[in-house]
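Guided by the hints, dock chain F onto chain D, whose structure is given.
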Amino acid sequence: MKAKKTEVHVRAPRERKPVRIVSDAAVSTRGTHGGRMLLLLILDTSDRPDIEEFIRAHQSMGPGDVQTQWGQIDGHDRTIALFLTFIRPVELFMILEFDIATQGFMIDQILTAHGLYICVAERDDDRLAMNPDRPKVIVEVGGIGFDAEWDKLFHKHLAKYLRDTYTLSRADARRGARTVIADWRKFGHFRMPDVRDCTGPADRE
Amino acid sequence: MNPSSNFFADPRLWIALASLVVSICSAIYSGLKASRALAISESQERRRQPQFGIHLANAYRQCTLKRQLFGFLVSVANPTDINNSVARAELQITCLVRDRTSVVCRIQHNPQLNNRKSRNADPSHAIFALPLRVDAHQTASGWFLFALDNDAIGAATIDAHSLLLEDTHGVTSVLTAPTLRESMDESEED
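The listed protein sequences derive, respectively, from chains D and F.
Just add 94 to wherever you are in the first sequence, counting from 1, and you've got the working numbering.
Just add 11 to wherever you are in the second sequence, counting from 1, and you've got the working numbering.
For reference, chain D alone in the conformation it holds in the complex (with noise of 0.2 Å):
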C-alpha cells in the first residue's frame, strides 16, 4: 500500500512536537482490555500542561472518543508516528514518536493489544514501578490497516540495525531479526485469563 501525503493542522506549536517518552512498561490486568498486556507510556509534559490536565480530568469525567492514526513525520525516515487526536472528554491532539529499530516493539505491543496506557511523568527518571497507582488512561488503536506495512518495515529496519551494530551479514541479520521478532510477539500476546476462568473448584461443581 502505498503512503499517503497528508497535512495535520495542530491548535497550537507545541502540538507540533512528539511527546518525549521518558520510560515505558507492559501491563496487563485482568478484567481491562481483554486481560491484554498493554505498552505503558511515561511521558514528558514539562512543556504539555495540556496533556496533564487531560490525564487529570479523565479520571473523573469517564471514557471518551479518540481518533487514531500511523504515520510518519516529513523528513524522519527511521521513526514512525502515532496520532492520537482526542475528541471527548477533552480535545488534545498529542503525536508519539518511536524509532523503528530500537523503539518497534512498542509499536508491535500497540499493534498486538491494540491500545496503550499513557501517563505523566513524576520525574526525568521516573519508573512505573516508582508509583503503579499514577492516573493513566487507555487509548484504543483500532486495526486500521498498518499491520501488513509494519511488518514488513519491522524486518527490515531491525535487520538493518543487527547488521550496522553486531556486524552480521545480510542473512545472519535478516534471521536474527525474524527470531527477535517471533520471541517478542509470543511474550507479548499473554493476556491475563478471564475473570471467569479463574473460578474456584467450588465455582465450577
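No lab work stands behind these hints: they were computed from the structure.
All of these numbers come straight from a predicted model, not from anything done at the bench.
C-beta: ideal position from N, C-alpha, C; glycine also.
One thing to keep in mind: the hints can contain errors.
Said to hold, decoys possible - Each pair of labels, with its calculated beta carbon distance range:
hint, chain 1, residue 1, chain 2, residue 2, range
1, D, R221, F, A147, 57 to 67 Å
2, F, N94, D, H208, 34 to 44 Å
3, D, G156, F, S86, 28 to 38 Å
4, D, G156, F, T168, 57 to 67 Å
Just chain F now, with coordinates in the frame of chain D:
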C-alpha cells in the same frame, strides 16, 4: 454583371444569416434559462444540507460544593427540507491551566440533572432527551443540562464555553459563548 451584387441578392445568404441570428439568440436564452435553473437547483440542494439554527432563550451556571451546573434553554430550528435529529449535545468548555495553556473539555448533556430551582421552576419547557427528532421546517424548544465536577477542572479557570449540537449526519452546529446567569448554591443539593 457584378458578382458581388449577385452574392448579396441571393436569398439563401439572408436565410442563412437569419438562422444564425436566431440560433445565437436561442443559445443566449437557453444559457440564461439554464443558469437560472442551476441557481434554483443549487438553492434546493443547499436546503437539503443538514444544519440546525440554535437560538438561546435562557442560560444559567450554578456552582455547588461539588460541581458546576449549566443549563441552556434553547430553540433548535431545522430550516432545511430534510428531517433530522440531534444525536449529541455537548458543552465545550475552554479552561486555562498552567502557563495560560488552554484545555478544551466536552461534557455530555445529562437529562437527569433536573434542577427546577435553577431553571426558575419553569415547567413550560421540557428537558430534551436525546436523540431529539426535529423534522423539516420544525422547531423544538427545551433545556440542555450539563454538570462539570470540580475535580475535573481542578484549579483551572473557565475561559469560554460553547454549546455544540451534532446531528445524525455528524454535522455540528455551534452556539458560541452564550451569556449565563450565575449563582452560587452552597447547600449540598444539586
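Now the hints, each set against the structure:
Checked against the hint of 57 to 67 Å, the C-beta distance between D/R221 and F/A147 comes to roughly 60 Å, which is consistent with it. At about 37 Å, the CB distance of F/N94 to D/H208 agrees with the hint of 34 to 44 Å. Distance hint for D/G156 and F/S86: a CB-CB separation of about 30 Å, consistent with the stated range 28 to 38 Å. About 23 Å separates the C-beta atoms of D/G156 and F/T168, a value inconsistent with the hinted range of 57 to 67 Å.
Going through the hint list in order, the structure does not satisfy hint 4, though it satisfies all others.
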